[in-house]
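Asker: What follows is the residue order along each chain.
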Amino acid sequence: MDKYAYIGKDMKRIDTSLKATGGALFAADLSFPHLLVGKVLRSPHPHARILNIDTAKAENLPGVKAVVTAKDTCGDKWGVFRYTQDQQFLPTEKVRYVGEEVAAVAAIDEDTALEALALIEVQYEVLPAVFTIEEAMAPEAPQLHEVYPGNINIHVHIEVGDLEKGFSESFRIREDTFSAPEDAYFQGEPYAVAAQFDPTGNLEIWMPNAGPHLKAKPLSNVLKIPLNKVRVRKIAIGGAFGGRSEISPADVICAFLAKKARRPVKIVYTREENTVATRQAHSMITRIKTGVDQNGKVLSRDITCHLDGGAYSSTGPIAVSVPFLCMEQAYRMDNVRYNGYRVLTNKPIRGMFRTHGRAFACGIDLQLDRLGQELGIDPVTMRLRNARQTGDYTPTKSYVASCGLTETIVKSAEKSGWKEKWGKLPPYHGIGIGCNSVQTGFPMGIRGGSQALIKLNEDGGATVITGIVDNGQGNDHMIVQIAAEELGITPDDVQLISADTEVTPSDPGSYSMCETFIGGNAVKLAAQDVKKKLFKIAAEALGVSEGELTARNRKIFVTQNPDQSMSIAKAVRTSLSRNESISGEGSYWPKVDAKREWVKNPFGQLSETFSFGTVIVEVKVDPETGQVEVLEVTAAQDVGFALNPKVIEGQFEGGIAMGGQGGMLTEFLKWHEGRVLNPTQLGYLVPLAVDMPKINNIIVETMDPNGPYGAKEAGMSVAMSAAQAYCGAISNALGVYFKEFPLTPDKILAAIEEKNK
Amino acid sequence: MRLPAFQYLEPTQVDEAVSILDTYRDQVKICAGGTEVINHLKLRLIQPAAVMNIRKLADLEGISEDAQEIVIGANTTIKEISQSPLLKESGQAVAEAAFQTASPTIAAMGTIGGNILQNTRCLTYNQSGIVLQGLPVCHKQGGTLCLAVKGSQRCFSVYQGDLAPALMALKAQCVLLKKGSSRTISLGELFTGNGIKPLALEEDELLIRIIIPKPKGLYGSAYRKFRIRGSVDFPLASAAACLSVTADFHLADCCIVIGAAGPAPKVVNQASSLLEGKTPEEADVAAVAEMAYELSEGVDNLILPGTYRRKMVRVLTKRAIQAALETLKRRR
Amino acid sequence: MEEIKKRSITLTVNDETYELFTAPNRTLLEVLRDELHFTGAKESCGEGVCGSCTVLIDGQPVRSCLTLAVAVEGKAITTIEGLAQGDQLHPVQEAFVTHHAIQCGFCSPGMILTAVALLQENPQPTEEEIRRALSGNTCRCTGYAKIVEAVQSLAGEGR
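Chains as they are written, first to last, in my numbering: chain E, 1223 to 1979; chain P, 8 to 339; chain R, 4 to 162.
Hints are computed from structural coordinates only; laboratory data are not their basis. Don't take every hint at face value.
[Said to hold, decoys possible] Here are the simulated SDA-like pairs of lysine to any residue, each with C-alpha atoms no more than 25 Å apart in a straight line: (1) E:Lys1842 to R:Glu130; (2) R:Lys8 to P:Lys204; (3) P:Lys204 to P:Ser159; (4) E:Lys1316 to E:Pro1255; (5) P:Lys63 to R:Ile12; (6) P:Lys49 to R:Arg10; (7) E:Lys1961 to E:Glu1356; (8) E:Lys1316 to E:Glu1895.
The model shown is predicted, which means the values in this text are computed figures rather than measured ones.
Kindly produce the complete structure, drawing on both the sequences and the hints.
Answerer: Below, the structure is given as structure tokens:
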């Protein structure tokens, strides 16, 4: 008998048949009787004082059922952290970026709603605006917020060891500055919200989210109703990638419109609104100084990073820290200093992105390549010499319980033919490597743990209740897979109720890749809780001890003598006949340092475990055009354990497309005075099917001691290290080390021309 | 995104259509495949009183030939053109241009007429309100300044159609019909070179046919396009070449046209003097490419910088000529 | 502006006819989703680039966001909801599910219909032909690898 019935097996996901038939409902697909169409009026100015908003004409337009402005809210400022509360959902005083929400209407149809928007008269006093990090930090720069002098709203400072000593002992030192403009999520699904109040004042609301419980609390605060009256409902979600984590003004606006109009309201964003009025990814300028010894081991590293955060804080402290933290996890660095500054500009708001800080990560790796070149050491060896190992502590004092980074480097080097290729390829043909590491969650206070509840029916079927959310990556399936495995029933026997704040217990959400580790563990524990009760009954019925039993195929049987068995349904009915219900509960709180804080105390256990990934890429460059042809990509990641190998491969492949093919070759936002000039898929170039190369996937399993079945995460390490490998390969192909990303053909051609001079 | 209100007209006969044009003039926009006009309506770049669907007009589709010429109906889809054995053989540049246009689904919807008659484009023009609100109105929108090039008195919007440069390299003509008369002009005459009003088509004229004269003797043609991705995108630079040879394999009639290099496709007029009379080996392809570069225009109003796009015109001109020469050698 | 009259049209969707009273400025996508509740076709860009709105008209993939509803009377429109036969998934749908070609699912209806049309026109496409045929459908989740594998699994020997 296989160790596992479902875990580790390639299985169809439970949700994809419905998606294949078009039956999965996304927020924009919902319809309700008496539904109103909501539309948002947005600021035309990057920076302006609001003098007056006159909504009378709009309110009087036939067919308009509600108009909301800041007057309808209490004007409280909200923030992800207590020290970043700087955003009102509808501003009372100032607008700070083109596209910011100013007012909204709900009307009987879209044409009426658009007409109503045009009738709202807003008087602005235009203020000078800043659009770049340099402009924002200049001495006389206009201040966006009074509370952030110098337009810097976050400063993360981390310093460990003795940098000067490390530098003084270094054989080679390099200092380089790397930069990249903003990129954007471009989830398939543009943002949409639907909301309605029932007659007793309960709010039901649907929107794409990365954690319904994180949406419910701010809604409860702003609407001034208790949490148990806020139902953030389960909905199919068309991708998040870090851009749907927090409450959005659209959520609050939709709820207010629904309340005022006393009818359901749906707001559907255009693609442009999704790009401009949800979140974007930070642009960055990163200066890195690294000193290595003769063997290529890093002795000291000093990093200063300025990030353009846009007009408000969002998850600023996290976004400033994670690019550094990923690197301190991936590579050993005993003496390191990091200064991360988040700068405010009059541009749309930036948050966390799946590929956190391409300039940062590429900078670290390109510098290793370059230092290696000066030492006569190849890039793979440089990585091996600096790789994180199991049992290490990171500079900020996280214990690394399992680490397969070295294995990912070795295996991807072998599969890609690194030794045969590196240094031996013809001109304009190159190979490069990138390594990275990702957390599985981080301290989130009272939100940091997940709880699951399971009830069993008298026919042996089960219902699992959990707050885990699925953005498309397959978390729903993971829950069912784990529950079916532990309970000994089939996936078809498991009914899933998830991500619905009316009934599901709190869960951290799918940030920072924690759903498998934290949520999955909670589900496993809940199932084990139920199983224990079932085994007690079966043990008694079969005359054996509980330790001699196995549950599989809807039966509980004596492991050494499978004919001695009892159906699970019978066990449940037996329990019920004794007036004992069968249900279970599991709760998992990762062992992280609760006192660790991004800014005030960036030390202590960050997350309970980390994943590690390596990508190797081979490219050819057309020397006349600078066009890159990507020949082959090899991705290896330590995922702990592969719960469903094909699902994990899908994450690798999607990560390579987003982080590498798009993130390093084509994706950037183009600006005109704070306005995005490429807000749609016509101007923002996400990879197409014809652009993608051959991909080799290597799953490395280190069996994390604490992950469910040893599993860690699989969605992010490859996405990040792909960008690094792409730029390493192109640099290798040309013998030029790039500093500005992405590497669009014009930049590559300029580098070739410069070199040929 | 929502469309503005309009009257919908769906003539089935060509004389109905030209009658409508005569009545409505600039208050009617033509919809064939819809791939541009529906977009422009959504962006409110146009707000006509009426939209006329010409897809149901009889006799505007199909590719035919006689001894002298190849005739393509204006409603022929780009997909059909890319797959046409006749064009692959006798009008290779056009078939190649069609194959590289947009994406397969758009090419199946779009027509040759619509593709030729597309408006010029610019990142500061082809946008919706959320981008343009609060900005002054640019030349192309009826205003008095250029948002892409500060201080410019003229419009730098770019003609990014794929088919026109290839057709012009093959010296194509087009038949324009209006109520009571028609005219046949060379395709190049359709383009004004003015970004604000890029087409010389009159308000009451309907493009019904494209005629490609069959060159005499042996010839080869090619179309090369630059875009970053492998599909979907408009050209950021393009070049078409059509070269014919005499019986003793010296270059005779040569026509080189560049695209996405200004508000209209441009014929590299001096190319013939450099190429004619030479053998393929003697032909100074680099010099012709340099001419194309000099002729090209490029500012920073598309996704990649203008200076780079002009360099690509040079590279693509060279590659288009070389490809046409290869075809000639193969057909020898 | 003179009042624009709504008109009666009959649309044939998934082999059934629907009588609609609609203004001419409604796209086929809007009518399918809002009037007929076929929400499988999605709007992800609104300008015909992403392919999420793709439906089949007389078997050919068409961008329903760029098509006027009034212009497609009399044509056979197939949406994703029309592919499966009862509980039986269409082979392309089944292949997508089996090969993990679906993650968030937003691009899937358009992608599947485009693949159906491809295999109808070219039953044994090469990998290059598959990638080209699907190049007008953007997917942000999968990197396309398993989508291509799913279609290849139905492509017989290929060439």
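Asker: Among all the numbered hints in the text so far, which are the ones the structure does not match?
Answerer: 2 and 4
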